[in-house]
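*Asks:* Make a model of the complete structure from these sequences and hints.
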Amino acid sequence: MNTASTQTPALTNVESVCPALAHLTQSALLDGVWKRPGLSMRDRSLVTLAALVSLDQTRELPYYVNHALDNGLKPGEISEALVQLAFYSGWENAVDAAVAIQSVFAARGIKTDQLAAVSPKLLALDEAGEAKRASNVSQQFDAVSPGVVQNTTDLLFRDLWLRPGLAPRDRSLVTVASLIATGQALAVPYHLNRALDNGLTHAEAGEVLTQLAFYTGWPRVFSALPVFKQVFEQRAANAQ
Amino acid sequence: MNTASTQTPALTNVESVCPALAHLTQSALLDGVWKRPGLSMRDRSLVTLAALVSLDQTRELPYYVNHALDNGLKPGEISEALVQLAFYSGWENAVDAAVAIQSVFAARGIKTDQLAAVSPKLLALDEAGEAKRASNVSQQFDAVSPGVVQNTTDLLFRDLWLRPGLAPRDRSLVTVASLIATGQALAVPYHLNRALDNGLTHAEAGEVLTQLAFYTGWPRVFSALPVFKQVFEQRAANAQ
Amino acid sequence: MNTASTQTPALTNVESVCPALAHLTQSALLDGVWKRPGLSMRDRSLVTLAALVSLDQTRELPYYVNHALDNGLKPGEISEALVQLAFYSGWENAVDAAVAIQSVFAARGIKTDQLAAVSPKLLALDEAGEAKRASNVSQQFDAVSPGVVQNTTDLLFRDLWLRPGLAPRDRSLVTVASLIATGQALAVPYHLNRALDNGLTHAEAGEVLTQLAFYTGWPRVFSALPVFKQVFEQRAANAQ
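Residue numbers (the working numbering), protein chains in the order written: chain A, 1 to 240; chain B, 1 to 240; chain C, 1 to 240.
One thing to keep in mind: the hints can contain errors.
Which copy is meant is left open, so a pair is good if it fits within one copy or across any two.
Said to hold, decoys possible - Once the Cα atoms are required to be at most 25 Å apart in a straight line, the calculated SDA-like pairs of lysine to any residue come out as: (1) Lys229 x Ala239; (2) Lys229 x Ser119; (3) Lys35 x Lys132; (4) Lys229 x Leu186; (5) Lys35 x Val137; (6) Lys229 x Pro189; (7) Lys111 x His23; (8) Lys74 x Leu156; (9) Lys74 x Pro19; (10) Lys121 x Lys132; (11) Lys132 x Val99; (12) Lys74 x Asp154; (13) Lys229 x Ala185; (14) Lys121 x Asp31; (15) Lys132 x Asp159.
Source of the hints: derived by calculation from the structure; they are not laboratory data.
*Replies:* What follows is the structure, given as structure tokens:
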């Protein structure tokens, strides 16, 4: 970890207004939840970045991106997460994030070929599964908004989700974190199931919530807890 | 369209962090959803501004306001939308937006008499409809918060909604877009019905969602889809 | 009240884009809701600050903090509210707020010993009540996220809620305002009941909503109204 990452950038400002918060930033956050077992530092960085971008909070984003790179996230994974978050949390969140972290990437000499490519070779599509998803959504909503239905197929499920720069498990993890941060708990089951199908463990998912509570606030995580619980129980029932 | 509007201002920054996002901004956004038929560029600008203001995203707001003016929105309509959004998305969102776009209005030489007037002659009130609305809300919530009930009548339904600077259809459209952006889908039916009563077509409403998906993120629009569907079906049933 | 507080800082900017909004800021906001009876100026400041911090809106926060101090809120109470809002609305909201108001505290010569202390002597804990709460949450969610369950006990209910720098009534009030601002209406009953148990009156709670409508937007308050109503009715039923 480089020296720039050893304390949060606003810690001195925080201390002059709120010594308790500065202390808790060190004790409960940096030396607390970040050092818990059960979820890698890399994964903690990934969900933390997803939360900050989704909440359009850019002040300490350069610090957290440096931290993420130190923790093993690749520049291309962070870059790819921004594409995902543009679609899932709103375009301008990703734009604001890109502006905020541009200097971090420049300072590290990160080159264009390390970033989210314009036209990568896409992952293989599960044609049967996608046909079923598209058919369901189409039946429900074609009469309401054919444009949303079409773009969901073309831009999301036949492109975005197949981009290779972020592993399917990680792409779902970024999405789940974003849904929690933006208070869209009802959309969590579909994406949490995808994350679990692609290798996230129940224990890791629980630690994702432990991590996110600090960055999204406790209530958004408590809204997600019963949703996670139901997904876990349904999967246990299905496994029998 | 003036030259300032041909690419988004942060595109170069975005490209240096995320080439895919820069590409998609051009292909899926500017040359994509913005050029779809079914909803005028003017209306796309109106709902896009409503989303950006409601999410307090001001970085590219000057660009989008220039774009909106090029697309035929009048300065007074944008100004009036800010009044609506102060009440419907929170005061400081409108304040932040006003600060952000001040220089755009100045550069175009827009004069005070083109803007949202302090005391315009109000539109005629549907006294019977308003009496019914006020009575319903009063019965429900006078015992909880008489102040909210009173201000809703005095400031909103006997003033704001009757201001002539934005047509009733457009005022409802701004409100619906803001509700979707702020995740208040349950309040959508009342305002969507008003928009449809005042001339918005079902096809246009569907395109509003297609447009908003990019700026609010897909999940917020998917939360609104079943609500729109129910409103459409209810109106179809009532029409029989 | 000092001269800096007699008009909102962005009023001139607002006027040049939206004269109606500038006028309403004076008539409906500063000379309107702020001067209503039923809730003290101090309490109006407290819930307004909670809303602004929770929405990460810092532009006029220095003005509102000066206003709050003029209205009788102590620096330590504002400082303590930030600790509460870090946990309840997301860490970076509190960080952004601290950075924004640092100069206000400095200009007033506020000293460290007036601020939220790192390790104050905590209020007495209701051991039986806390044991029941912890047991309920543990039974529900230990299998989902033991980390959230543990941190909720250790950091929130055996520390944060017992910090003496903000009276229990005020700490709950800040929390309720934050929940409304962030659209977490389902979590309101628990915290509203705590506020009422600790001395907030029904009339004051109704005025809190009247105040918040302007800063969170009307729809978020209308989402909270039925929740408040149910809490009031349940308490009336229990009192019989």
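*Asks:* Would you mind marking each hint as holding or not holding in the structure?
*Replies:* Hints, one by one, checked against the model:
no. : hint            : in the structure
1   : Lys229 x Ala239 : within (15 Å within a copy, 35 Å between copies)
2   : Lys229 x Ser119 : neither (38 Å within a copy, 35 Å between copies)
3   : Lys35 x Lys132  : neither (42 Å within a copy, 29 Å between copies)
4   : Lys229 x Leu186 : both (13 Å within a copy, 18 Å between copies)
5   : Lys35 x Val137  : between (41 Å within a copy, 24 Å between copies)
6   : Lys229 x Pro189 : both (10 Å within a copy, 22 Å between copies)
7   : Lys111 x His23  : between (37 Å within a copy, 17 Å between copies)
8   : Lys74 x Leu156  : within (23 Å within a copy, 35 Å between copies)
9   : Lys74 x Pro19   : between (34 Å within a copy, 15 Å between copies)
10  : Lys121 x Lys132 : within (24 Å within a copy, 55 Å between copies)
11  : Lys132 x Val99  : neither (38 Å within a copy, 48 Å between copies)
12  : Lys74 x Asp154  : neither (27 Å within a copy, 34 Å between copies)
13  : Lys229 x Ala185 : both (12 Å within a copy, 21 Å between copies)
14  : Lys121 x Asp31  : between (40 Å within a copy, 23 Å between copies)
15  : Lys132 x Asp159 : within (17 Å within a copy, 49 Å between copies)
In this structure, the earlier hints numbered 2, 3, 11 and 12 are contradicted, and the remaining ones agree with it.
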